[in-house]
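Asker: So the chains spell out like this:
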Amino acid sequence: MTPTYYLLLSALLFSIGAVGVLVRRNAIVVFMCVELMLNAVNLSLVTFARINGSLDGQVMAFFVMVVAAAEVVVGLAIIMSIFRTRRSASVDDSNLLKY
Amino acid sequence: MSLILQFLAQQPEPVQQVVDKVTTGEAIAFWVLGPLALAGALGMLFARNAVHSALWLVVTMLSLGVLYMVQQAPFLGFVQIIVYTGAIMMLFLFVLMMVGRDSSDSVVEVLRGQRLAATLLGIGFAVLMVGSVARALTSVDAAGLQEANTTNGGNVGNIGQKLFTDYLFPFELTSALLITAALGAMILAFVGRDGKPARKTQKELVEERFQEGKRVGSIPGPGVFATANSVATPALLPDGSVSEESLFEVIEAIDKSVLSDDVAEVAGTGHQPDSHALKGSES
Numbered sequence: 001m002t003p004t005y006y007l008l009l010s011a012l013l014f015s016i017g018a019v020g021v022l023v024r025r026n027a028i029v030v031f032m033c034v035e036l037m038l039n040a041v042n043l044s045l046v047t048f049a050r051i052n053g054s055l056d057g058q059v060m061a062f063f064v065m066v067v068a069a070a071e072v073v074v075g076l077a078i079i080m081s082i083f084r085t086r087r088s089a090s091v092d093d094s095n096l097l098k099y
Numbered sequence: 001m002s003l004i005l006q007f008l009a010q011q012p013e014p015v016q017q018v019v020d021k022v023t024t025g026e027a028i029a030f031w032v033l034g035p036l037a038l039a040g041a042l043g044m045l046f047a048r049n050a051v052h053s054a055l056w057l058v059v060t061m062l063s064l065g066v067l068y069m070v071q072q073a074p075f076l077g078f079v080q081i082i083v084y085t086g087a088i089m090m091l092f093l094f095v096l097m098m099v100g101r102d103s104s105d106s107v108v109e110v111l112r113g114q115r116l117a118a119t120l121l122g123i124g125f126a127v128l129m130v131g132s133v134a135r136a137l138t139s140v141d142a143a144g145l146q147e148a149n150t151t152n153g154g155n156v157g158n159i160g161q162k163l164f165t166d167y168l169f170p171f172e173l174t175s176a177l178l179i180t181a182a183l184g185a186m187i188l189a190f191v192g193r194d195g196k197p198a199r200k201t202q203k204e205l206v207e208e209r210f211q212e213g214k215r216v217g218s219i220p221g222p223g224v225f226a227t228a229n230s231v232a233t234p235a236l237l238p239d240g241s242v243s244e245e246s247l248f249e250v251i252e253a254i255d256k257s258v259l260s261d262d263v264a265e266v267a268g269t270g271h272q273p274d275s276h277a278l279k280g281s282e283s
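Those sequence lines, one after another, are chains A and B.
So in the working numbering the end of the first sequence lands on 99, straight run, no missing numbers.
So in the working numbering the end of the second sequence lands on 283, straight run, no missing numbers.
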């Protein structure tokens with residue numbers, strides 16, 4: 001076994017997250033799928049840090065976590081304000097700008 | 001010129017590669033936690049209830065956190081568990097509880113064939129990524145972080161040193177990012193009293209009530225006497241006159257002839273119960 005398996009796991013998790021973003025309709029679940037994709041990228045960054053033998057990858061993963069935390073806070077606030085006006089958390093219902 | 005050529009011809013010293021072999025324990029950890037993480041991701045994808053999705057995602061994140069620790073990143077592993085499963089997923093659950101956890105997915109397809117196309121695209125992407133990564137990196141040996149994790153304060157110390165030297169500017173930028181995010185979340189989640197006048201204080205309410213000149217206390221109730229306790233009985237003032245405020249306006253508005261039976265009964269002049277009435281006429 002080589003660390004490549006971690007990269008394969010990361011690729012699979014990323015694909016599942018991408019499918020979830022495209023398929024699910026609940027805005028909160030879509031957001032969770034984005035989080036899954038970020039986590040998959042973090043796993044690959046950690047693995048690359050190990051393969052490369054330097055800590056730069058881990059520092060980058062740390063930054064990704066910080067950005068993800070900020071993103072979740074703002075995104076959930078947006079979802080809540082949309083829910084307050086439209087009484088729905090479905091991404092299909094946010095179509096006021098469509099026509 | 002010859003110096004430059006000589007310099008160019010000079011090969012850099014080959015870095016001595018410390019090959020980091022995957023131990024059996026790590027392989028076992030990977031083959032237990034990797035499928036668990038995959039199962040969590042698939043469970044999140046297929047769960048109808050949003051709360052179940054969140055809990056499946058917690059499984060994935062916890063397994064990833066342990067995998068980080070196995071992969072010589074103990075600091076990131078703990079940060080993953082504390083920040084992701086501790087803070088972010090709890091935030092998700094809070095919002096799910098506020099937004100209504102029964103807001104499940106609609107099964108209606110707005111774009112025809114979108115689900116199928118998305119699934120095919122996802123599978124294609126996975127095959128492409130897995131294939132290329134597997135082909136490109138099969139014979140790659142890990143250099144390992146043995147040196148970085150043991151010298152100079154270990155993993156945490158070295159990450160801290162990198163954060164405050166090489167990555168100082170991005171690190172400072174994250175502070176701006178976090179402040180912006182906190183302010184943005186406050187503004188987005190704030191419910192203002194748009195256009196509505198400010199609520200009156202208690203003092204203003206009391207002054208308003210006394211300035212209207214109406215009766216401030218409660219109005220007197222109906223009179224209760226030895227002969228009658230009906231709501232139709234008026235209360236008497238100290239001089240013996242009837243207190244008009246104690247009269248019930250609905251009863252007062254009724255014509256007296258409608259109530260004549262009740263009046264007679266209260267006065268004791270009407271129909272009296274006959275104890276012999278039930279026995280019949282023969283007794």
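A hint or two may mislead.
As the list claims (entries may be wrong) - Interface residues of chain B toward chain A, partial, derived using beta-carbon atoms under 8 Å: (1) Gln71; (2) Pro74; (3) Ala118; (4) Ala143; (5) Gly144; (6) Lys162; (7) Ala185.
What the hints assert, rightly or not - Covered stretches of chain A, going by a simulated chain B footprint (3 or more residues, C-beta under 8 Å): (8) 22-28; (9) 31-42; (10) 73-83.
Keep in mind the hints are simulated off the structure, nothing from the lab.
C-beta atoms are modelled at their ideal positions from N, C-alpha and C, and glycine is treated no differently.
Asker: Which of the stated hints cannot be reconciled with the structure, identified by number in ascending sequence?
Answerer: 2
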